[in-house]
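Undergrad: Listed below, chain by chain, are the residues.
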Amino acid sequence: MDVKYVNAFIAGLIEVSGMLGINSLARTGLNKRDHLKTENDVNIILGLVGDLKGNVVLSMQETTAMKVASKMMGGMPVTEFDVMPKSALCELSNMANGRSASELEKIGVMTSITPPTLIHGRNMISLISQVETVVVQFSAQEGGLELNIAIED
Amino acid sequence: MKGLRKDGRAIRVMAVDDSPVTRKMIKKALVPEGFEIVGEAGNGRDAVELCEKIDPDIITMDVTMPIMDGLEAALIIKQKNPRQKIIMLSAMSDQNIVEEAMSRGINHFCSKPFTAGDMVAKIMQVISE
Amino acid sequence: MDLAQTIAPFVRASNHVFKQLLDLNINKGQAEPEGDNFVSQGFTVMVGLTGGWQGWFFLDMSQDTAIKLAGLMTGEAYDNVDNEEVLLAGAEIANIISGNALTDINNLNSGVSIRLTPPSVFAGEGMSMFNVKLNAYSVLLQTDAGNIKINVVMKEAK
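Chains as they are written, first to last, in the working numbering: chain L, 1 to 153; chain E, 1001 to 1129; chain H, 2001 to 2158.
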């Protein structure tokens, strides 16, 4: 996978998070995913079709997810991981990927994106798009986030 | 046993699919009938290379694969050896690719899902042509 | 857009694919209400849909059923969903069902031209999927390998 595609997804997430009040988000690492197990119980998936084909998954732990959602909702306390925080996180992911898609468009890469779906569970294993997955790690005041990018170019 | 040529030798099949599970499914359909799986590849580029080395009687070629898709690989293989027999395996979502393949002379298809019987019958039909 | 246009083609395709690919009959199908979330039985394959209509197809079963289906597909014995081949088998089944269903949908609804993303597979405990456009009803398909649940999220693209 070309690094310029990865960069478009990183830029989209950082920019949109900042707009939504998650100001401290910073990239901390990047590596290839080498196992199926994930420690994260919240995963938001979007699909891409077009010049790029695959899935992008934003993952975090539930405690982080609730803090992020709370920040997005102007500091309103979130004590339960129900429809409200789930909708907020889907919206974050949707906006970030929309931003990434326009970044990609600027370099001539056209894609269309599915609406996001949030997967919540414990002790999860996953296989994303059945292709090699790049994992970008981020840290923020609210906790750690991971962006799994599994696309064929 | 259907998977034998007139001289009693096993028909030599090369299975190309990006999913190892689908390759196993093809093996499961063919080996009990006497066919021999002489090679496997997970993308079009590897298929082109392997085909030259092992010279199979017939190739089952998935359409949608990473790195190089099945249509491109089939066209390269046919260019090198016009007599190479190839069956394309396609899910129905590949319809526009099927049409393009037909227009370029790749005209044997087995659509997914297929039964073991469908696959055997298709191979025997193409081999006998 | 109604259930006959969205979920029914996936039910028909599932019937056909389970029979052809795995020699598995669907003994009975019934609607099952879902709440705000699609509740997984432990193993869910998701295929994204884009085009004039966009959304998701969910193919869901227990981990035990997923292991059985993989065995039916390859003829090998599996004992855990940790085995990548069990995940790949689920992905391939969902991919073929979606391909068949979309051919129907695209033929019956001119101009929608839906295309598929590659499948992703999730297995875990207490899993649920949230999407605002989730169908209020899933369809539960009873087979000898266990219950298979499907749902479709579909909306018109902006």
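Simulated from the structure, these hints should not be mistaken for lab results. The structure displayed is predicted, hence computed values, not measured ones. We put the beta carbon where it would ideally sit given N, CA and C, even for glycine. Any given hint could turn out to be false.
What follows is a list of derived Cβ distance ranges for each label pair [as the list claims (entries may be wrong)]:
hint : chain 1 : residue 1 : chain 2 : residue 2 : range
1    : L       : Thr-79    : H       : Asp-2082  : 28 to 38 Å
2    : H       : Asn-2107  : E       : Arg-1005  : 49 to 59 Å
3    : E       : Ala-1116  : H       : Glu-2125  : 32 to 42 Å
4    : E       : Arg-1083  : H       : Asp-2082  : 10 to 20 Å
Undergrad: Report the numbers of all earlier hints that the structure fails to satisfy, in ascending order.
TA: Violated hints: 2, 4; rest satisfied.
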